[in-house]
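Number of protein chains: 2
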Amino acid sequence: MIKIALLGSTGSIGRQVLSVVRRYPDKFKIITMAAGSNAVLFSEQINEFKPKIACLTNPEKVSQIKEIPLGTQFYYGENALLHAVDSEADIVFDAVMGYAGLKAVKYAIELKKNVALANKETLVAGGSLIMPMAKEAGVNIIPVDSEHSAIFQCLNFNANKQFKNILITASGGALRNVPIEELEKVSANDALMHPNWNMGKKITIDCATMVNKGFEVIEAMWLFNAKRENIKVVVHPESIVHSLVEFDDGAIMAQMGVPSMELPIQLALTYPERLPIENHALNLYGKTLNFSEIDKNRYPCFDVVDRAIKLGGVYPCAISAADERIVELFLQGKIKYTEIAIYLEKVLEKIENISVTFDSLEYVDRLSRIIVDEIYKIRGSL
Amino acid sequence: MIKIALLGSTGSIGRQVLSVVRRYPDKFKIITMAAGSNAVLFSEQINEFKPKIACLTNPEKVSQIKEIPLGTQFYYGENALLHAVDSEADIVFDAVMGYAGLKAVKYAIELKKNVALANKETLVAGGSLIMPMAKEAGVNIIPVDSEHSAIFQCLNFNANKQFKNILITASGGALRNVPIEELEKVSANDALMHPNWNMGKKITIDCATMVNKGFEVIEAMWLFNAKRENIKVVVHPESIVHSLVEFDDGAIMAQMGVPSMELPIQLALTYPERLPIENHALNLYGKTLNFSEIDKNRYPCFDVVDRAIKLGGVYPCAISAADERIVELFLQGKIKYTEIAIYLEKVLEKIENISVTFDSLEYVDRLSRIIVDEIYKIRGSL
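Line by line, the protein sequences are chains A and B.
Be aware that the first sequence starts at 1, since it is given in the numbering used here, and climbs by one per residue.
Be aware that the second sequence starts at 1, since it is given in the numbering used here, and climbs by one per residue.
Don't take every hint at face value.
Remember, identical chains collapse to one label, so a pair may be satisfied in a single copy or spanning two.
As the list claims (entries may be wrong) - Only pairs whose alpha carbons sit at most 25 Å apart, straight line, appear in this in silico DSS-like list of lysine-lysine: (1) 287 / 232; (2) 27 / 164; (3) 61 / 135; (4) 310 / 52; (5) 227 / 27; (6) 377 / 27; (7) 164 / 185; (8) 232 / 106; (9) 287 / 164; (10) 336 / 112; (11) 346 / 336; (12) 161 / 27; (13) 161 / 334.
Everything labelled a hint here was simulated from the structure, so no lab data went into it.
Chain A with its partners taken away, still in its complex shape (with noise of 0.2 Å):
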């Protein structure tokens, strides 16, 4: 019985983990359940799975949990998260958005339980601080991410394993087939409307602009010890193949499935094992595989995103906390998703780079955040 610290459980990525505790009853308990805002489902949620320990870090929503399951201790407010992971759990799940999922991964580390990671902030913005702690500390980070859960595949579950490049697949977004000169008037909703993938809108919108793609790059260069220049990424409209490892002899390994995030999920959690999940056989039958390298001027946050790894130290965290309000703004339809790469870029010219430590990382996410909205102030809106 493996005994699961749940963090985001309310986001797409909690509620498939849910989706693998109910497949597997026998395999799974989750200990510890903790959600930000949905309150109402997170009510559901835990009287459905009657965790030790529940947390909900929005204390405005408080009143919305209508009952408590006998046995649930619950929390609330800014430290919810680190009561979530102070518990008797094996692994802590963290599916949490935003830098408090790096605080949850560091408080982690430090009880030495194995994190499943699904926040990009902990490696986007705190992998120079989280990796060398996991080592010491003996703790593994396991994958979530489809391309790195891919990568992990390829490596045999060896993280160490000797490799010559890494392989990154990307879809191209929602938005790939639509002509270059004609991006500057996309909405919102068309930027959602992803092909293959069903995800939070956030990280669609990532896509589209490939922002996502700078990120798992990064988060690709700590989880695998890999240096920028042995990272290609390839554009792959099907998402068949969900990542690839070259090696040495020129062998080069993929692995493929249906796009979903089950497999990726439930993977973090039982391998080297793998148990059936149904319905999620990929008839390869008729099946066209398309390999193309990225169009720069199609995605030009690409290249900042790279330009941020190249410039290292906070640059990467600056990036990842501009981004996060910049796509807030193209959402709520104030800026245009051509905007996107210029808010980026002009982010990177005003953060200066001091010394990571976690209190620099947290102070360089909220000044990124304040800086966008100041250009914005100064840009106006549309």
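Dock chain B against the given chain A, drawing on the hints supplied.
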């Protein structure tokens, strides 16, 4: 230093084994070498590699061996292959064609030597005898075929790993785009123009007919302890994906690479380690990969082999030996391409099922060739 007994050094596979040894002279040493009839090339090879034992199976060609290096023992004749096996080799690389290759494997297992297997007959005809012997002796039968090597790689070099289905890829061979109604008229030269792979003549014809793919199904059954219903054939004209393995959770692992035997040959000697091979990288950018089911009308031979699999016993041996003779007749221009399936069918009808022993296999091997010649006498030449 891995000491190799190389059987079949002058063939396409054997020559590439020697390339591996040339590439890594500090890692590999050719201890014994055996060849069949190409005495001129063999003479060069033994003087380059100076094996401790050199064996030529065709006694009529012995006079073409101009010089035997000092320190090399020379054997010739029918037992020469067995002399080659009986050495201080760590591994027997069996790249011999025909039934003799099976006898050599049997002897290698008796001497408890691991076998890198490029000989088809060993498993196609003798799998039911060889595999239990190998298991009991604790001897590894290491796949060399690109498809089986790919499967082995997808199983992380663990032939006992649990899986759901094996997917063997097939290029479709040289005639895949010839209209079915024109297949009757194709010449040996047409059938030898393989679009992706550069191999021996016999196997290139077997690729065109997909007899080879049927044999590979049999080999996969033995190598990976698979049932027939858990092996699928996927037509993949680009020959980039060399085969795939599907797991219980829906993940499909695939091995990709340039269509070259260098990788599987080297890997059979070095696995789980992977050593660099120069100019062997696959550039995935710009590639389109297609996957489809076998067109049964185009490849009737595949179904005949499948029937032999279902019949079991000595039938796979019969079909394998008969095919060798039938392809000879086709290469000599004596029978039509479309007659290959008809001949194979007729051999299946004429063979009686007798219990499988090494002796009965040898008998069926000879008998099947005789039956082919008898059918030819009755049907007459073109």
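Each hint tested on the structure:
no. : hint      : in the structure
1   : 287 / 232 : both (24 Å within a copy, 15 Å between copies)
2   : 27 / 164  : between (36 Å within a copy, 21 Å between copies)
3   : 61 / 135  : neither (37 Å within a copy, 64 Å between copies)
4   : 310 / 52  : neither (44 Å within a copy, 56 Å between copies)
5   : 227 / 27  : neither (37 Å within a copy, 29 Å between copies)
6   : 377 / 27  : neither (52 Å within a copy, 67 Å between copies)
7   : 164 / 185 : neither (41 Å within a copy, 47 Å between copies)
8   : 232 / 106 : neither (29 Å within a copy, 46 Å between copies)
9   : 287 / 164 : between (28 Å within a copy, 20 Å between copies)
10  : 336 / 112 : neither (44 Å within a copy, 71 Å between copies)
11  : 346 / 336 : within (15 Å within a copy, 72 Å between copies)
12  : 161 / 27  : between (28 Å within a copy, 21 Å between copies)
13  : 161 / 334 : neither (46 Å within a copy, 54 Å between copies)
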